[in-house]
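Read top to bottom, the protein sequences are chains C and E.
All residue numbers for the first sequence refer to numbering that gives the first Met the number 0, where the first residue is 0 and numbers rise by one.
All residue numbers for the second sequence refer to numbering that gives the first Met the number 0, where the first residue is 0 and numbers rise by one.
It is possible that some hints are incorrect.
Identical copies carry no separate label here, and so any pair may be met within one copy or between two of them.
As the list claims (entries may be wrong) - For lysine to aspartate or glutamate, the following EDC-like pairs were computed, each having C-alpha atoms within a straight-line distance of at most 20 Å:
no.	residue 1	residue 2
1	K297	E154
2	K319	D155
3	K68	E58
4	K297	D256
5	K283	D256
6	K121	D179
7	K231	D155
The set of hints was computed from the structure by calculation and includes no laboratory data.
Number of protein chains: 2
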Amino acid sequence: MFGNQALFWLILPKWLYYTAQSKEDLTQTKYGDLLSGEISQKAGEGASHTPDRNQLQMELLHKRMGRVKHKIAVISGKGGVGKSLVTVNLAVALAMRGRNGRVGVLDADIHGPSVPKMMGLKEARLHTGPPGTFPAIGPLNVKVVSMAFLLPSAEDPVIWRGPLKMTAIRQFLSDIVWGDLYVLLIDLPPGTGDEPLSVAQLLPEMDGVVIVTIPSEVSQVVVRKAVTFARKLGMPIIGVVENMSGFICPKCGTRFDIFQSGGGQKIASEMNVPFLGSIPIDQKICKDSDEGIPFIIKHSDSLASKSFMELVNKIEDFLKAKS
Amino acid sequence: MFGNQALFWLILPKWLYYTAQSKEDLTQTKYGDLLSGEISQKAGEGASHTPDRNQLQMELLHKRMGRVKHKIAVISGKGGVGKSLVTVNLAVALAMRGRNGRVGVLDADIHGPSVPKMMGLKEARLHTGPPGTFPAIGPLNVKVVSMAFLLPSAEDPVIWRGPLKMTAIRQFLSDIVWGDLYVLLIDLPPGTGDEPLSVAQLLPEMDGVVIVTIPSEVSQVVVRKAVTFARKLGMPIIGVVENMSGFICPKCGTRFDIFQSGGGQKIASEMNVPFLGSIPIDQKICKDSDEGIPFIIKHSDSLASKSFMELVNKIEDFLKAKS
């Protein structure tokens, strides 16, 4: 019954967006409706004739999300700590364990989507059929949706203010044909602004959040904010992951704590949240990400992969305890 | 004449912010007016009786910013690439060259401010006098303003939607007594959303932007967006800095390109923008940042510092050419 309602269109105040070619050309956004093929048709009817679009979209969101058993958000206070890396490898690890085709990833980083590149889906696009828009398919049939799939080219920035980002995230949750999933992982941009707030408000049934950090104190200051954020919004904290935890010289074997050490464990204990584990620095990880192959597939025997799988076990235990 | 107008207050719609202790308590933000000591007095007058506050604030902004010779924004597509590190050390380097007290840093990362910690100003607060609110004073009398100075504790997240962030940035530019500066460096959060867009729109006279990246391809995808963003908004691009460029094992001397190599140079040449230089990975940098001492002060003889000073020379040349 909601099939056709998936094709919404939006009326957006002009100050919200900036997708124009020049400073002066602030006219119409080309991403006004992200997923619809019937924009012009519906737009012709005029806003007042459409019966409460927002309500219909929220109903559709609840219907679609009702078929997703678990929802996990991956967050961090600070950027560049490896949120997307954790999300992508976690998705693949969960899919490996008998859930081929039943794991989804929503890349909710509207400005800096990096999930597609890490999953070898750089050139992917979303396709729309009668029931709605279908996710792209990554390794082990992980279903992936990202803003990157909607941009004309990778060079195009999405110059949007917050409310438009909320609308985009709502559409990603409501208008995408996610199907029956065991888990949907949501990769959020750093910070505690529009995107994480929108996801928290749109999915109050969230199972929990995984918080990613690096060991440095500068990063710790910011990760505390992420913990407080999750608590204030009532999202359970699955635990803290420490990424970039020490570098072992491949030649002489000496360990160097480039970004200091032990910060993740320390903060987890101070903030009284579980510590899920640490992932060492490994050149291969960066190379694998650049090549679009999750490192737990490409280098499954590495120390990083082994550390990662321990972390996956803890997340599995958390989800099983909730089932 | 504008002294008293510095004390503005704001009327904010409720959906913009979330600073409440519980999910239900979405009443009044404690940061509604960031810098004013006369909120309640003015608020009592009612909105309609205050003659065009926005216009007065913009006049004040132009007056204050008119005394700042150069404005540079430090941006990146992706987080965690070292924007704040570059900003802080650039500020100190410029101050060292005979501009003690005439360099300012605006930390415009509302959600994840890390400038204060890196400058040893973790405990600093802003103080307000008759002409307005005064910046905190860092090494070499660099004037620093950050959201961190307004928060009750470092654990408090700023759970704000975009429009409120724009308001905060406008207040930072208009209500702070910056004084006569040679240069104001603005450290922006990653992405191309509210904060960078606000700064670009509030300061159309911006001298230019410095774009920071790390060598990885994943990061390059996103830095392209930053270049396009700057171009679309008419901000000159001073150049690209590559941070975390290779790690030399302190024990055996072997070089490892942990985050790949040459990405910064490659992207600069592909996007036809100047390449300013690269900063190698150095454990000491992270440690110095954690201790609140810019590495170009603490480890001025390191390879990283030497590389950094070359980069500063290029930025100086750019500014001199504009003078």
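Homomeric proximity label, K68 with E58: Cα distance no greater than 20 Å: Within one copy, since 17 Å is at most 20 Å while 54 Å is not.
K297 and E154: within-copy, between-copy, both or neither at 20 Å Cα: neither (28 Å within a copy, 38 Å between copies)
Homomeric proximity label, K297 with D256: Cα distance no greater than 20 Å: This pair counts as between: shortest inter-copy Cα distance 19 Å, intra-copy 25 Å.
Intra- versus inter-copy proximity for D179 and K121 (alpha-carbon distance at most 20 Å): This pair counts as neither: shortest intra-copy Cα distance 25 Å, inter-copy 47 Å.
Within, between, both or neither: K319, D155 at alpha-carbon 20 Å: Classified as neither; 41 Å inside a copy, 32 Å across copies.
20 Å Cα threshold - placement of D155 relative to K231: Classified as between: cross-chain Cα gap 10 Å, same-chain 35 Å, threshold 20 Å.
Status of D256 relative to K283 across identical chains (alpha carbons, at most 20 Å): Result: close both inside a copy and across copies, 17 Å intra and 10 Å inter.
Checked against the numbered hints above, the structure violates hints 1, 2 and 6; every other hint is satisfied.
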